[in-house]
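Enquirer: The lines below spell out each chain.
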Amino acid sequence: MAAANDEVTRSQMASAPSTPGWLVVAGQEVRDLWLAGRGPVLVLAFSLLLSALTYLAATNKELNLLDQKDTVNLVMQVTLAVGVALALLLSADTVSGERERGTLEALLLTPLSPREIALGKLLAALTVWPVAAAVSVPYAWALRPGTGLFTDAVVAEIVVGTLVAIAFASFGIIVSTFASTNRVSLAVGFFVFVALMVPTQLPGGAAKGWLGDIFLRVNPLTAGAHFMDKVIVNNHTWSQEAGWLVAPILAALVAATAAVVVTGRLRLQGGIGR
Amino acid sequence: MRRLLWLGPVVGVAVLGLLLVPGLVSETPASAQEGGRGTTSDGITVSVDVSDVSALTGDKFRFTSEITNDGSDATPPLIANLNFVSLDESTYIDPEDWSPQRTVSIPPIEPGSSATRTWTVNPALKGDVAVYVVVLPDSPGLATASPLVASPAIHVRVDQKRSLNPGGVLPVVLAVPAFLAVAMAGLRVARGRR
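Here the protein sequences come in this chain order: A and B.
Going by this note's numbering, the residue at position 72 of the first sequence is 72; the numbering climbs one at a time, nothing skipped.
Going by this note's numbering, the residue at position 193 of the second sequence is 193; the numbering climbs one at a time, nothing skipped.
Calculated directly from the structure, the hints in this document are not laboratory data.
Note that beta-carbon positions come from the ideal geometry of N, C-alpha and C, so glycine has one too.
Certain hints may be false.
[To be verified] One side of the interface only, derived from the structure: several residues of chain B facing chain A at Cβ under 10 Å:
no.	residue
1	K161
2	V172
3	A183
[Unchecked claim] Derived pair list, reagent style DSS-like, types lysine-lysine, alpha-carbon separation capped at 30 Å:
no.	chain 1	residue 1	chain 2	residue 2
4	A	K230	B	K60
5	B	K60	A	K69
6	A	K69	A	K230
7	B	K161	A	K69
8	B	K126	B	K161
9	B	K161	B	K60
10	B	K126	A	K69
11	B	K60	B	K126
Chain B extracted, bound-state conformation:
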C-alpha cells in the first residue's frame, strides 16, 4: 500500500500532463462550473461533480467522483487516489494537509455499473491548485494494466482567510500576560511604598 501511495502522485502528474494535451483523453471540463470525465480504452471513466471551486484557507469542501465501467467485462479491484498539483510555483502542497484520506480501494465494478466516492478537501494554503482523482488497478494487475485513468482536474482557487481571533483565543492570549504584568507592577509599587 505504501508503494502505491508513493506511485499515486507520480502517476498523477504524468496523467495531468496527458490531460493538457488535447485528444489524448476523451473529455475535459466543458465549462468552469460543470464536472467532466476521463476514460480509457478499457471503458473505465472517472467523472467529478465540480470543475471549479473558490475557497478560503481552512474551509473544507467536498466533491464526489464517479467511476463507471462502460466496458463489457467487470473491472479488476481498483484503487482511487486523490491528487493535488500546484498551478503556481509558489504554493507548496503537502497532500496530507489537504486531505485526511486520499487512497481508497474500490471493489470490482460490473459492466454498466459505477462506484461513487466523496472526497474531503481542506485548502491549507493560498494559491491555485488542481485536484483530480486517478484510478488504477490494484497491485496484482498493475504491471499489465492499460493506461491509468484520471478524472478531469478541478481548479481550486484558494484565498487566505484572515482572522485576528483564531478559535476565539485572542482574549486569553492578551489577558494572561496583561494580568501578570499588572500584578507584577502592583507588587513593585507596594514594595516601593514600604
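This is chain A alone, in the form it adopts within the complex:
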C-alpha cells in the first residue's frame, strides 16, 4: 500500500471510528488491488489461459482422446492451482512489499495493531481466489456433460479452493512477515508452492505405496486435487472421499492460526528473532 493510501486509511479510520481496523485495511487493500493494481490484469491473463486450455480440451474431447469429465476436471484443477498460487503470491508481497517500499513504518504508526493490519491484508489477498473461481465457471459450463456434474464440479472447486487458498495465503503472510526483502518472500512462497504442487503431476504409479499415499493425504494441494478428481471424474460422493478433505481443513486452520500469532509480532525490520 502506498504512503498516500496510508493517509487515506488514517482518514477513513478517523471518519468511521466504529469500523473495525482490519476491515478498513481490507477495504483499502481491495481497492488498491482491484481498482488500481494488478488484480484485473492477473485475472485477464488467467482467463486467456483458461480459454486456450478449454479450446484444446474441447478439441481433444471431439477426438475422443479425453472424456468429458476429464475436460471439466482439467479446468477445475488448473483453476485451483492458479487461484491458490495468485493468493499466495499476493499475500507474500503484503508485509515485505510495504517494508521494501518504505511504507510499513507509516502503517505501523496508525492506531491499528499489527494483527489487524495483517488480517486486513490477508483478506484482500484472498479475494483473488473467488474471482478466479468465478472466471472458471463459464468454462466448466461450456464443457459440462450434465448439470449434475457441473454443480458438483463447481461446488467441489469452491470448497477445496477456499480451504487451500486460506492455507497458502496465510503461509504467504507468515513468510512475508519475516522476510527482509520482497524477493526472499516471493521466492520462498513460490518454491514451497511448486514443491507441494509437483506431486500432482506425477504419473499414477509414482505416487503409489503406503508412503506415497500418506504424502498425498498430508499435502493439502494433492489431497484437495485428489478429492476433486474423485468427485468430478469418478462420480464418487463427498462422504466417500471426505477423508481427503482433512488435510486442506487442517492446513487452513493451522496456517490461519499461525498467521494470527506470527503477525502479532510484526516489526519494522524483517528477519527472525528481532
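For this one, chain A is given, so just place chain B on it according to the hints.
Expert: Just chain B, lined up with the frame of chain A:
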C-alpha cells in the same frame, strides 16, 4: 492378462507380416468393400464384415468380427485382440486412444459354430491404418498352440476433421476474456476521468 495384452500387438505385427506373403494365409480381402477371413489348420477362421473404411478423426465406427470353428473338435477358450498398425510412418498409434476395449475372452466354440464380436474404433489421428483381430488360445494352451489366426486387415483411411468451434466452446472462450478486457478498460477510463 497384462502379459497377453503385451503379447497381442507383437503377435499381431508378426501375423500381419504373414498376411502380406501370399499363400501363407488362406484368404485375403477380395475387394475394397468386402470383408474377408483368416484361417488356421485347426479350422478356426476369423472374418470381418468390412475391408475398407474412410473416416474423419473422432468419428467412431464399428465393425463385426466372426470367429468360426470349421474343425471337428471344440476350440479351447480363446482371446480375441484388436490391433492397429500404422501404414504410413508418420502416424503414431496409441491403441488405447483408438479403442476403449481391445481384448475379450471367447468361450469354447463348438464345431460348426461361431462367435461374433462388435468392435468400436475411434480414429484419433489422420493417416492410413490397418485394423485387424487376432485370435489366440487362452493362457493354458498358449505354449502348445498352433499358429495364431488373424482376420484380414481393414484398411482405414482417416482424414482430419477441422472444426473452429469444437464442442461449441468457442463463444465462451472468446467472450470471457473479451468481457474482462472491456471491463478493465472501462475501469481505467473511469478512474482517468476522476
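Enquirer: So which of those numbered hints doesn't the model satisfy?
Expert: Failing hints: none at all.
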